[in-house]
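Colleague: Letter by letter, the chains look like this.
Protein chains: 4
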Amino acid sequence: MSATSDAHVSGLAAELEPQLVAWRRDFHRHPEPGFGEFRTAAALVRELTALGYDVRLGEEAMDPAARYFVHEDRVAASWERAREEVEPQLLERMAGGLTAVVAELRASDGPTVALRVDTDALPVTESGDPDHRPAAEGFASSRPGFMHACGHDGHMAIGLGVATVLARLRPSLHGTVRLLFQPAEEGTLGGAAAIAARGYVDDVDALLSVHLGLGAQSGEVWSRALFLATSKYRVEFHGTAAHVTNSPETGRNALLAAAQTALALHALPASSRGWYNLNVGVLHAGEEQGVTPRHATMELGFWAENDEVHDWVDARVQEVVAGTAAAFGCGVDVRLIGRAPTCAQDGELAALVRDAAGAVAGFDRVDDVILCRAGEDACHLIKRATETGGRGVYVLVGSDLASGHHTSTFDFDEASLVRGTALVAETARRILSPG
Amino acid sequence: MSATSDAHVSGLAAELEPQLVAWRRDFHRHPEPGFGEFRTAAALVRELTALGYDVRLGEEAMDPAARYFVHEDRVAASWERAREEVEPQLLERMAGGLTAVVAELRASDGPTVALRVDTDALPVTESGDPDHRPAAEGFASSRPGFMHACGHDGHMAIGLGVATVLARLRPSLHGTVRLLFQPAEEGTLGGAAAIAARGYVDDVDALLSVHLGLGAQSGEVWSRALFLATSKYRVEFHGTAAHVTNSPETGRNALLAAAQTALALHALPASSRGWYNLNVGVLHAGEEQGVTPRHATMELGFWAENDEVHDWVDARVQEVVAGTAAAFGCGVDVRLIGRAPTCAQDGELAALVRDAAGAVAGFDRVDDVILCRAGEDACHLIKRATETGGRGVYVLVGSDLASGHHTSTFDFDEASLVRGTALVAETARRILSPG
Amino acid sequence: MSATSDAHVSGLAAELEPQLVAWRRDFHRHPEPGFGEFRTAAALVRELTALGYDVRLGEEAMDPAARYFVHEDRVAASWERAREEVEPQLLERMAGGLTAVVAELRASDGPTVALRVDTDALPVTESGDPDHRPAAEGFASSRPGFMHACGHDGHMAIGLGVATVLARLRPSLHGTVRLLFQPAEEGTLGGAAAIAARGYVDDVDALLSVHLGLGAQSGEVWSRALFLATSKYRVEFHGTAAHVTNSPETGRNALLAAAQTALALHALPASSRGWYNLNVGVLHAGEEQGVTPRHATMELGFWAENDEVHDWVDARVQEVVAGTAAAFGCGVDVRLIGRAPTCAQDGELAALVRDAAGAVAGFDRVDDVILCRAGEDACHLIKRATETGGRGVYVLVGSDLASGHHTSTFDFDEASLVRGTALVAETARRILSPG
Amino acid sequence: MSATSDAHVSGLAAELEPQLVAWRRDFHRHPEPGFGEFRTAAALVRELTALGYDVRLGEEAMDPAARYFVHEDRVAASWERAREEVEPQLLERMAGGLTAVVAELRASDGPTVALRVDTDALPVTESGDPDHRPAAEGFASSRPGFMHACGHDGHMAIGLGVATVLARLRPSLHGTVRLLFQPAEEGTLGGAAAIAARGYVDDVDALLSVHLGLGAQSGEVWSRALFLATSKYRVEFHGTAAHVTNSPETGRNALLAAAQTALALHALPASSRGWYNLNVGVLHAGEEQGVTPRHATMELGFWAENDEVHDWVDARVQEVVAGTAAAFGCGVDVRLIGRAPTCAQDGELAALVRDAAGAVAGFDRVDDVILCRAGEDACHLIKRATETGGRGVYVLVGSDLASGHHTSTFDFDEASLVRGTALVAETARRILSPG
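Chains as they are written, first to last, in this note's numbering: chain A, 1 to 435; chain B, 1 to 435; chain C, 1 to 435; chain D, 1 to 435.
Hints are computed from structural coordinates only; laboratory data are not their basis. A portion of the hints provided could be inaccurate.
Far from chain B by the CB rule (all over 12 Å, computed), these chain D residues [to be verified]:
#1 111
#2 278
#3 344
Covered stretches of chain C (chain B as the covering partner; in silico rule of three or more C-beta atoms under 8 Å from a C-beta of chain B) [stated by the list, open to error]:
#4 92-105
#5 253-262
Pair ranges (Cβ atoms, derived) [to be verified]:
#6 C:76 / D:371: 40 to 46 Å
#7 C:18 / D:125: 54 to 60 Å
#8 D:371 / B:336: 32 to 38 Å
Yeah, the Cβ is synthetic: ideal placement off N, Cα and C, and Gly gets one too.
In isolation and in its complexed conformation, chain A is listed as follows (with noise of 0.2 Å):
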């Protein structure tokens, strides 16, 4: 028997509940896009180091060639305003977008337990209705055009729970806690395939992710929410113009052939292996009526089941994009702006999780698999976590929500960051706790 229980975890996060609000609230007024989280990494980095923890920032801490894309537009107005509000030693290590933060506890030899926190915002404007929460109470989004509509703030609030509680159990711990602040989730940009690349899950025996809300209500858990293998392009065809009366067979037309590329792609067939849709969301194409248009752009993704059928989604998608481009005399280009794989989760891990939960305060509901009809960049960590030896889980922590996910009036229950900060905090105690 260790020696900490389950219910001083529960008690030590409880304590911390309003430590983790005001964390939350902080991060809630100051949303950061995707590699644009200057100011929310260095706040970690403050934290992090504060209880003691070995803090990598910056290159060291992920790989920028591993990054699928990064909209250079918003980083470089995020930068702009983190230039007055954060210090430039730190800041400058962050430069490009390196936002992602690692930070270890090593206690003594043992396991490694890592949790995954997801740190960026979405670009939707807050809504400033009285009858919203954060509008109401003073910490809605200080930034326009940008929020945190998702629960990350809440994601990182526990992530910084768990470190404190982890760092008071220390003594008694066996092993090293990791925990992994990751940038650029949302339209799953490659902020975890960039922390992946600098090998910090090949040596982890159990990674946790966890998640607020997704239709899980306040007091339910599931041990393993699974989610879609997904993949997004932007597809840029340049045609040649032409005037339509003087000189139109001259013309190379790219509107006809991003429009004959969307037919197609939605044309593949149905697969045996497995469910997947591709929807091509967004086509631009042309400047007037009398020009052959000579530029389309398209954005297009592909959700599937798993990763055999997303694989081959993914090569009809090249084939059909550049066939097709090829067939109307366009030049094509073709840019991955997302992508995360399915990922397995292991049953003892869950088991372990599960347990946890009954033995964490708030819990009505604890429950194994859940199936969201999303990609997660998570999986790209816990793919490999689990490609090197080790286990990994995502944990669905419920939360009744004041509206959906990526809404203007999204607002989740705050009673869940302590229910959530003990569950993990609780889940990792028994790993570093020896036999």
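Chains B, C and D: place on chain A using the hints.
Modeller: Just chains B, C and D now, kept in the frame of chain A:
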């Protein structure tokens, strides 16, 4: 033999040159969009009234309902600006974009000769390059985003010049001079149709329209410039958004409806009855990758060698759009936003123009027919004049250009203003001089 | 305990083996197409009558109007051939393709047990290869172009075997045995629907359907084979021919209408409510290069995991076809040529089948549910039986195959005939034996 | 002044009328397909040899490799039939479809005049209606499925007539007469190209081609019939079959590849360089509803006002086909199956023809240029003749028709045979008569 000679007309025009240039440059400095030519029309009204013409404006001059399309936002912005420049009693008569000006000088019984002049500018931002003469000499556009980039400023100068010359010749003229200053020629939004609908060409014996440039050099003149029939449409497809993984089956895909419409329209066969081309020039659809596109906007135009082919294409466009939208379960709005027919032009009147050109100083090449691969709003007027028993021609007065029509560095040879004025005035004089 | 034992049933079936094989080979030698099973039905009528069954044929056994499609030419050719083989009084009752046979044996009051058997062959030319057993042993198809390549010959042998065994057990049975020999299962042209429409399953307590093979090996049995809902359509587009150089504008292009329809159908989105796939399998259009194609014929099918998804696809197909035909100015005929729903299958009856299988010699694997990725006409009957208060299952009796279903070298393991007969007869015996 | 007069030529032709009619009817009774004109060529060889001409056949007369396409099965069937009708030593020289006949009569030094005549029939079944004169008078086609439905039988009669007249005039002629009897004009499969490739028009001073009918009435003649450039392709798409429910993801859909190719080809823009039309006239794809179509065959043609536009379309066709096939993962074979260019025709030679027509009995309308909206194989020869320094014209000899070309009741006015013979012979006589 008439009391005035052609030499006299040429001389009067030459004397006017400083005034012609001044008028042109004033108009050039103050470009206004189609149906937003408030300051322009007010200036014309003042000049023509001063010359003794009976001037009509607003609802008297045009039928608002006969217009094809009004860019409400552009007109509103132009209106706001005009409130600071135009006396209220004039401006109010043009409320809603009724910017046609019809001016008449009745000398005595006799035939009616009309000149049609277009008054609108283009949504082009003028170059500020010092090599661009309007910029160098200080008469470039004062209105960002708009420019007289097609020569209508010159046409108006010629119109006022003709009005001036013929007013001076009034004692020796037998008949009526009518000047039709029409808004909204560009895109053929229907300024001409709106004037025609008020009957202003029904009693005209000879209708002249004049254009500078269009590929003809200074000193050249064509008595008949033929144009293509054209129509332009904006098509809006209304589908149903759906989350593409949670409930894709509830979506109705406006992007695919538009894509297939574009292909079907371009796939219409050639016609044995004459050349035409159709172009879907613009397509915007969808908002994000994860949502079934619920909205698509398409802009298309077609240009045909004759009205028969135009009308056949037009019927097929309606059919394709309605059918394809229905195939995808989408609603659809088809909005005509521009139209012009072809027009037969009278050989005798053309010969008269060429004879007059021979009597005017400065023309070194006089020719009859030239095909312009574009649509022209004036065809509404010439066609109507012909149908009601009159004659009409579209005269092309050559002018060396700094760069092509509709470009930001467009500029013409101002020496053409005297030649154009003299040619039209001399032609009118001959018609209005008794046997 | 019942008067007869399961061992007894197994023994009766085993004794029948030579007869079962003889029946099967006779049917195999004389394959007939859907609704053209004239000789087949006549043979069934004779055997069943001889066994003491009350036999119905023609309009008594089926509702002609409930069929989906009749290949008139195939039926006519089969009719011509049958005139030499079938006594006129029997044949005349089947005029027009009314080839269903319903046979009933009423033992006493009690429940009604029904067995459905399909009787049609496929438009496949049988292999003459000496490695192909039917060829080697002289019972290959005598009708070029048709072959029992799916095992319906075996199903009929089992049906007659069951009829024989149950007739022998009659004294000890309480209730009614009904045999439904249905035409036109292949392509699901509606033989089952036509029998259902006469009410023959409305009063059934237990409905069994049996199939050999389908991937299951000899000795295996599944008590519930689930199928996909399916519909098949033939679509004819009627355009207008035109000489493509003299008057292309007068044509209406049925080929392009069909091409765009095919693309739009394949581009329907995935459904969150279940898996489906749609296939435009055949397209024939046009006659020569110099003429606008005036005619196009398309054959398409779709297969869905459940009826909800099937019905959604069905509605979209109508919409796409009608809209696209209209877009191209074509008329269109949409002809349903095959359909089958899914059907819920009863767990208790399935358990009874598995229990019976345990009591029959020769089964070494007994399982419950298997998904077959195909449509099945029997679902009409099972669905109707369930809706009217009965129970139904589709039993899969494994059989080693020489090659896949629907191939020219298809052949099954005749040892399965005894096992299938015994299983069905034993299941029926248990139901018809008083508690 | 020449030794023979035009009146003399007219008289010689008139005397030949019974023979001309006999030749024509014999050819009409024995129609043969392109490159299968074995009996036809043999008859020509016999007649021309008897007239004293130096006759070449088979490989001497044509280059087999220059042909565009050979309908192997039609040629083989024609060959089988010819074995019963043609002496082996002649037939063998035509093995493989080498059915061109080149005949030359060298009178003395002097210019070379050539006449090109086409010899193939059409795959049309001739009407047996008693109102159809060939049927009523017993000279209808004896070969089911083939018919001289375009007048080539008449052209051959004229060719032999011209050969006869000029042979009689030989003593007074200065120069060489060459007759080019070309196979496979219909569909422009390349009979002309194969003769041109042997150099037979390189030294020709005046090349005449003659056609009856084509909309011109008896008594009318046009000295220059202009044609469209054309190419025809057969495109085969090779996909991969797949069971559409078991493994749809393994299929490569040739039907959709073809559908999208058809749309993309029809969607090519109009050209400012001249009129053209493209037609995908035939599409056959797929075999059954349940299988991904693995094969699609498309036949397409295009017809252009000039070679520049033809070549532009041709390049785009290759591009569209290759790209679209690749987009769908299909292999593709593109087979050119017919081609003809346009050809410039000489004004002086045309004037000479018209002069000659004025001197021939029976022409009441003599005109210069007419546009025929079709392709013509003779353009290969006229174009080559022109490129190598000669002159050429395509003469249209009017003839009242019973019904349109290529129909089953086509028949022409046999009185045109004398007129056509006289016109060509008289034109040749004038060229070959010394100043």
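Colleague: Run every hint past the structure and note whether it holds.
Modeller: Against the structure, the hints come out as follows:
The claim that residue 111 of chain D is not at the interface with chain B holds, since no C-beta of that chain comes within 12 Å of its own (minimum 40 Å). Not every CB of chain B is more than 12 Å from the CB of residue 278 of chain D (nearest about 8 Å), against its label as outside the interface. Every C-beta of chain B lies more than 12 Å from that of residue 344 of chain D, the closest at about 22 Å, which supports listing it as non-interface. Only residues whose beta carbon comes within less than 8 Å of a beta carbon in chain B count, and the region 92-105 of chain C has 0; fewer than three means the coverage is violated.
Proximity of the region 253-262 of chain C to chain B, defined as three or more residues with a beta carbon under 8 Å from a beta carbon of that chain, is established by the 4 residues found. As the Cβ distance of residue 76 of chain C to residue 371 of chain D is approximately 51 Å, the hint placing it in 40 to 46 Å is violated. Separation of residue 18 of chain C from residue 125 of chain D is about 56 Å and conforms to the stated range, judged on CB atoms against 54 to 60 Å. Restraint check, residue 371 of chain D to residue 336 of chain B: a C-beta distance of roughly 35 Å satisfies the suggested window 32 to 38 Å.
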